[in-house]
Structures are given as C-alpha cells and as structure tokens.
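On the provided structure of chain A, position chain B with the ligands as indicated by the hints.
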Amino acid sequence: MLILLKRVIKTGWKGFKRNIGLSLATILIMVIVISLATLLFLLSPVSKILIADIEKKVDISVYFKEDVSSEYILEVESEISKIPEVKDVQYISKDQALEKFIEKHKDDPVLMESLTELGSNPFLASLNVRAWDPSQYEQVANLLETSSFRNLIDKVDYHERKPVIEKVFSVVSGLNKIGIFFSILFAAIAVLIAFNTIRIAIYNSGEEISIMRLIGASNWFVRGPFLIQGLIIGFIAVLITLLITFGLCYGFDARIKTIAPDISIYSIFVSNFFLLFLIQLATGIGLGIISSYIAVRKYLKI
Amino acid sequence: MLSINNITKAYPSRTGNNPTIALDDVSFTIKGKEFVSIVGKSGAGKTTLLKLILAEEKPNNGQILFDDLDIHKIKSSQLPKLRQRIGTVFQDYKLFPSKTTYENVAYVMEAMGASKDEIERDVSQILGIVGLADRVDNFPNELSGGEKQRVAIARALIHRPDIILADEPTGNLDPYHTFDIIRLLVKIYELGTTVILATHDKEVINSLGKRVITLDQGRVVRDEEKGRFIL
Ligand SMILES: Nc1ncnc2c1ncn2[C@@H]1O[C@H](COP(=O)(O)OP(=O)(O)OP(=O)(O)O)[C@@H](O)[C@H]1O
Ligand SMILES: [Mg+2]
Numbered sequence: 279m280l281i282l283l284k285r286v287i288k289t290g291w292k293g294f295k296r297n298i299g300l301s302l303a304t305i306l307i308m309v310i311v312i313s314l315a316t317l318l319f320l321l322s323p324v325s326k327i328l329i330a331d332i333e334k335k336v337d338i339s340v341y342f343k344e345d346v347s348s349e350y351i352l353e354v355e356s357e358i359s360k361i362p363e364v365k366d367v368q369y370i371s372k373d374q375a376l377e378k379f380i381e382k383h384k385d386d387p388v389l390m391e392s393l394t395e396l397g398s399n400p401f402l403a404s405l406n407v408r409a410w411d412p413s414q415y416e417q418v419a420n421l422l423e424t425s426s427f428r429n430l431i432d433k434v435d436y437h438e439r440k441p442v443i444e445k446v447f448s449v450v451s452g453l454n455k456i457g458i459f460f461s462i463l464f465a466a467i468a469v470l471i472a473f474n475t476i477r478i479a480i481y482n483s484g485e486e487i488s489i490m491r492l493i494g495a496s497n498w499f500v501r502g503p504f505l506i507q508g509l510i511i512g513f514i515a516v517l518i519t520l521l522i523t524f525g526l527c528y529g530f531d532a533r534i535k536t537i538a539p540d541i542s543i544y545s546i547f548v549s550n551f552f553l554l555f556l557i558q559l560a561t562g563i564g565l566g567i568i569s570s571y572i573a574v575r576k577y578l579k580i
Numbered sequence: 193m194l195s196i197n198n199i200t201k202a203y204p205s206r207t208g209n210n211p212t213i214a215l216d217d218v219s220f221t222i223k224g225k226e227f228v229s230i231v232g233k234s235g236a237g238k239t240t241l242l243k244l245i246l247a248e249e250k251p252n253n254g255q256i257l258f259d260d261l262d263i264h265k266i267k268s269s270q271l272p273k274l275r276q277r278i279g280t281v282f283q284d285y286k287l288f289p290s291k292t293t294y295e296n297v298a299y300v301m302e303a304m305g306a307s308k309d310e311i312e313r314d315v316s317q318i319l320g321i322v323g324l325a326d327r328v329d330n331f332p333n334e335l336s337g338g339e340k341q342r343v344a345i346a347r348a349l350i351h352r353p354d355i356i357l358a359d360e361p362t363g364n365l366d367p368y369h370t371f372d373i374i375r376l377l378v379k380i381y382e383l384g385t386t387v388i389l390a391t392h393d394k395e396v397i398n399s400l401g402k403r404v405i406t407l408d409q410g411r412v413v414r415d416e417e418k419g420r421f422i423l
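Just so you know, the sequences run in chain order A and B.
All you need for the working numbering is the position in the first sequence, starting with 1, plus 278.
All you need for the working numbering is the position in the second sequence, starting with 1, plus 192.
With the rest of the complex left out, here is chain B:
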C-alpha cells in the first residue's frame, strides 16, 4: 500500500552551498498491513522520511506511492483527503496550544464531519485508553511532557487511519507508559492498521520482533523481518 522509490532529500543550507543530504536513494515497500520500525542514529533521516510520507516536505528525487497515488504529484486541495488516512504522532507533538486536550483530539473528527455524538464517544474512549480521562479540559502548557505525548498519540489514533506514523512516540515516557503505548500500537496493528514507528529505543525494538529498517546517514543499511536493534 506504500512504496518508497529512490527517495533523495537534501535540505539547502543557509549559506547556499553544501546542502544536508537527509535521505539518499531510499527505497522500500510496505505491502498490506505491516508493523515497521525505522531505527537509526540521531540525524539519520527518520523524521525526514515520515515528513515526506505526509507530504510535508517534497523529495528532490524519487516518488512515494500511496495505493498507487503519487502523493507529491496530487493537487494541494487533494492532500487533506490523503492525510485523513494517516495518523501522525509528531516527534515534537505539534499539539494546538490554544485547544484543550479534548479539543486537540476531537479536531480531526470535526474536520472530517463526524457527528457530535460520535466525537464525544470516541474521544472519551481514546482518552481513557491513554490514561488522560482526568485531563480533558487542560491546555497543553498545563500538561507534563509524557501527558502531551499521550495526547498526541490519542490524536493520531482517533479517526482510525489506515497508516500510523509514530515518530519517537515513547521518547518522553517512563518504561511503564512506554510499554503501554507500544502494546496499544501493536493492538491497533493487529486490528488491521499499518504502523510505521521511528525510534531509537533499543528495548522496544528488541521486544517487538517485527520488521526493522535501519537508516544510517540517510541510507537504508538494513531491512529485516523480525529485526533487532543494531546501529
């Protein structure tokens, strides 16, 4: 359902010369429902890869096909439809600072035109699952780092997307919550959703026993079913 074909991404530098090559000729395919982990050192290009899949950045070369749709060729007005099929946990959360926990999570469903009853039911359910039932009316600046991260996870899951892009979703969580969230992602995967997880958490990767793609300086250096965390 997702195929990454020879993607190269270079960020221009401020001075004009020596652009940063974030991704260098990256290719892989995700067929059907899969749980894929992307690992690599800091700066290896994990976030950049997810940004390209979300069409937040354009590649310099190559194409990304989402169900045979070239996502960098479609019109800007078609992007919302595509993005509604994706749920993203951003590495820096990207919560709406002026919206409460409830409103943050409800926003995607509102934008998609779900009814008020549906939204109320689903939002309180997902906030219960991530353990934030008592923080519904708080604004992001009133939440701890881990709580913010769990709001971001709830927001990515709420509209039952086909693909979940989780960029370091456990970076700010203690081991107890980390495994809760990972268990949740696995469960969603088992229910039929593709999960792409970018992380440098060795224990998480090793306990998963699923496909692992390793990036190093923007190149795919390993792509293994039942992979382990090796940098």
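Just chain A, with the same shape it has in the complex:
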C-alpha cells in the first residue's frame, strides 16, 4: 500500500515536470482565480468600512421649541436613546449650534453681518439622532412625532432629508447587491476557466488513462498522479498569489490611506492572514484536485 502511494506521488511529480509548459499555464490561471477569491475576501471589510463611513454621515435632527429648557431636552435624549433602532443621540445646545454655524461660515461676510445685525441667537437646540440602519429613520421619525413630548418639538427634519437618506439607503443596498452579483459571476467564470484548463491538460492523457485501466491498474493508481499534479499546481499557485497579495497590500497601503484614512489594507491582510491563507489553499488545492478528479473520471469508465 505504502509503495503504491509513494509511486503515485512520484509519478504525479514526474508528470508535473514533464508537462512543465502546461503546468505553468495552469498555475497562471489558478493564480488569477485565487487572486479573485482574495480580492473578494479583502474587499468585503473595505466595503464595510466605506459603507459605515457613509452611514455615519446620515442622521436626523430633532429641533426643540425656543423655550424648552436644557434639562428637559436631556430627559428626552435619554428617552430617545432607549428606542432600539437608535444607535446614538447627540445633544447640540443653542450655543453649540451657533458656534458650528460661525465656524462653518466665518469666511462669508454677508452671513456674518446679518448674524450680528440679528443680535440674538437664532438657532434652536437640537438632538442629532442616528439609527443603526438608514432604513430605520422613517420609523424613528414617526415615533418622535407621535411621542409624549411631541409638543416640545419644533420639527423633525426627516422629511426634508428623506430623499437624501433614501438615496444613501438605496445606493448602499444597491452596491451590496451589485458586489455580490459580480463576485459570484466572476468566481464562477474563473472556476470554469480553471476547470477547463485542467480538463484540457488531462485530455492529452485520456488515451493513456484508458490503457492503464485495460492493463489492470486500479482506479486510484491511475487517478492518484493527476490529483497529485492538481495539488502541486494549486499549492504553487497559492504561494505565488500570497506573495502578490502581500506585495500589493504593503505597497498600496499608504496610497489608499490618503484617500480613505480609515482603511489599512495592510493591517486587514496581516490580521486576517491565516484565514486568507486557508481560503487561498481551499480555492487553489480544492479546485486543482476536484477538477482533476472530474476530468479523469470520464476515461476510467472502460
């Protein structure tokens, strides 16, 4: 048994070397497939960060009437933060609102002048409410407008912001859907190409496989070397892809940080290294072995 296993491995290695051209071509295809799997893997945390970034910018404000005291508002704040859909609530007093306005428009003399002319602070105190999910804002707004403290509220600006919020919501879910769709599409195409490359490689040996069967070799003795070749090809492809991934993550880390400061693909790479390696191994070796198995099967029927 052991001697047969040893022979199978040796024959597989020999086959790999004898068909080195074809082996290299197959490795190249596999590198592309595994890179794609890696890209999808790395892209999902990146897209999550990006989406979270966008979602952070979306909120609704509850403006209180002129005469509502800050104690009252703080009470309402704690009330609102109890709503399960609400992620956090931030109190902005009349003074803070004014400061923010001045900070934002200090280079606009017309606005500043009209502000001093006004003499008093025209801003209302407000609570900035953020929900966990953009789709929940409508519910939260309705809840606020029908709450016990609704007579303290001047307005909830959800309805003005509704188009923007809904747009963000649909873009985010659309992006997710498109992402998933293309991921699956590309993965399927890549797998098919890899499978066909291996099939063509084995097609050349089809006649030999049949002869092996006819002169009395067992199925496993015939199939084994091809599985070993698939394994070697998959493994080498994984190593190459891992190197490329490392190089790209390392090289582009700084450049991506200048665009999106929250994202460090290098640290995503490092912290997910073992999972990534496992996914690459599963893709590469799994594809190599399964494709070989299926491709050889046809010729073993004799």
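One or more hints might be untrue.
What the hints assert, rightly or not - Below, a list of computed lysine-lysine pairs in the DSBU-like style, where the Cα atoms sit at most 35 Å apart:
no.	chain 1	residue 1	chain 2	residue 2
1	B	K308	B	K233
2	A	K284	B	K223
3	A	K579	B	K223
4	A	K378	A	K365
5	A	K292	B	K291
6	B	K418	A	K579
7	B	K273	A	K284
8	B	K308	B	K291
9	B	K267	A	K382
10	A	K579	B	K291
11	A	K365	A	K440
12	B	K267	A	K579
13	B	K273	B	K225
14	B	K223	A	K288
15	A	K335	B	K291
16	B	K286	B	K379
17	A	K295	A	K343
18	B	K379	A	K576
19	B	K225	A	K295
These are computed hints drawn from the structure, not numbers from a lab.
Chain B with the ligands alone, transformed into the frame defined by chain A:
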C-alpha cells in the same frame, strides 16, 4: 478456465440502423492450459472477441466465464484484479506515448505493487529476451514498428499472467523476429500459461500444430485440435 458462451456482439452504426454484427453466437471453452489460435479474414471478429475477454466491450448476448466468474457482471472496481491476470498484446500496441520503453513495461508491475528491485530485475530480463536491451530509455515515437510491437509483447508478459491475449503480435515483424516471438509464446505456454493468439499468418499457424478456431463473419466455422490455416 475460460468459457465463452453464446456471445453475440453488434456495434451500433452511426446512422442508427443496420448494426455491424461482429460476433454471432460464438461459443468455445478453454480448459486448463492451452495454446489456442484464432484465425479469420480481416473483419471476422478476432479483435472483438479479445476485447470482450478483456471486458473492454460488453456483449449484447451471452456470457464469458473466467474461472466461473462472469466478467461482465462483476463491479468495475473488481476489473483491475481480473485484468492483472491477463497480459494483452494489442493489435495497435497501445503503448504509453509519454513513457519510455522501460516505464511502459514496468507499469503493470508498479500498479501491482511489486518492489523496485523485482521490477528492475524482471524488466531488464524481458527486454533482453525481446532484444530491446539498448532501447530502454527511448519513447515509443523513437522506435520502429517492430520494436514497438516487441515492447508491447514485453509489457504483456512482464507480470506472469495466467492468460496471454496476443492480437496479431507478429504483424509488424520480419520472419526472423516472428519466429523468435512465436517460440517465446510457445515456451511461456509450456511453462504453464494459456495463450490465445489471433493472427492471419498462415505459416505461423501451420508450423504450430495446435488448436485453431476459425472465425468467419463473426461465426465459429471450425474448431480443431492440431488445426491448419484454412479460410
Ligand atoms: N468500435 C467499433 N464500432 C463499429 N464497428 C466496429 C468497431 N470495432 C470493430 N467493428 C467492426 O466489427 C467487425 C469485426 O472487427 P474486428 O476488429 O473484430 O476484426 P478482426 O477480425 O480483428 O480484423 P483484423 O484482422 O483486420 O484485425 C468489423 O466489421 C469492424 O468494422
Ligand atoms: Mg483485429
């Protein structure tokens, strides 16, 4: 040890109608060790008969018993064991194009799990016998027709099978090598192996003086001990 019972084999034609009847109700028995020649015109069904014995093709009717084992009923995973008891010289050689002479001959022994030393000893011995000691490292496309045929013969003999199926094993050989190979087959038969030889070489058959089964259009028309070549 081998009994062919009412075997009929029809190859379907590409167009669907008029299948080719390659074998028509063929029956004969080989008891114990025998040297049997199958003769017949081209297209008489000799190769088809050997293919059925090797379970490469399935019959439409009838059965083939190998030591009481119905070889077309056993599981595909059991076939290797059966085929390891058979040594086949294919009419078209069926050598492995990507393997050297040595590897071609050694393959069956490797598949059967023989040790490296055994394989080396036996392969160089058999290649010496068929006169190919100096062609061990050549690939089939570097060999002459007759050399290829002798590699095929060496491969069929190497694992000491119980039955040898030799389909036209001398078709590409000159008279000198032809009689060498025939003498080798006779010697193996004398050492206790059943030989089934399909040929249309009249001189070979007539010089053998052994059992001859004559096929004509898929039917057994003659089956004689110490037969002669009559078509
Ligand atoms: N795979 C096949 N498909 C269809 N017809 C076939 C097939 N193999 C053989 N035949 C037909 O079956 C008949 C018998 O063929 P077979 O090869 O057994 O003849 P043979 O006696 O070996 O001839 P030869 O002496 O030329 O080798 C022939 O008419 C042949 O055309
Ligand atoms: Mg023939």
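**Item:** Hint check, failures only
**Value:** 1, 2, 6, 9, 14, 15, 17, 18 and 19
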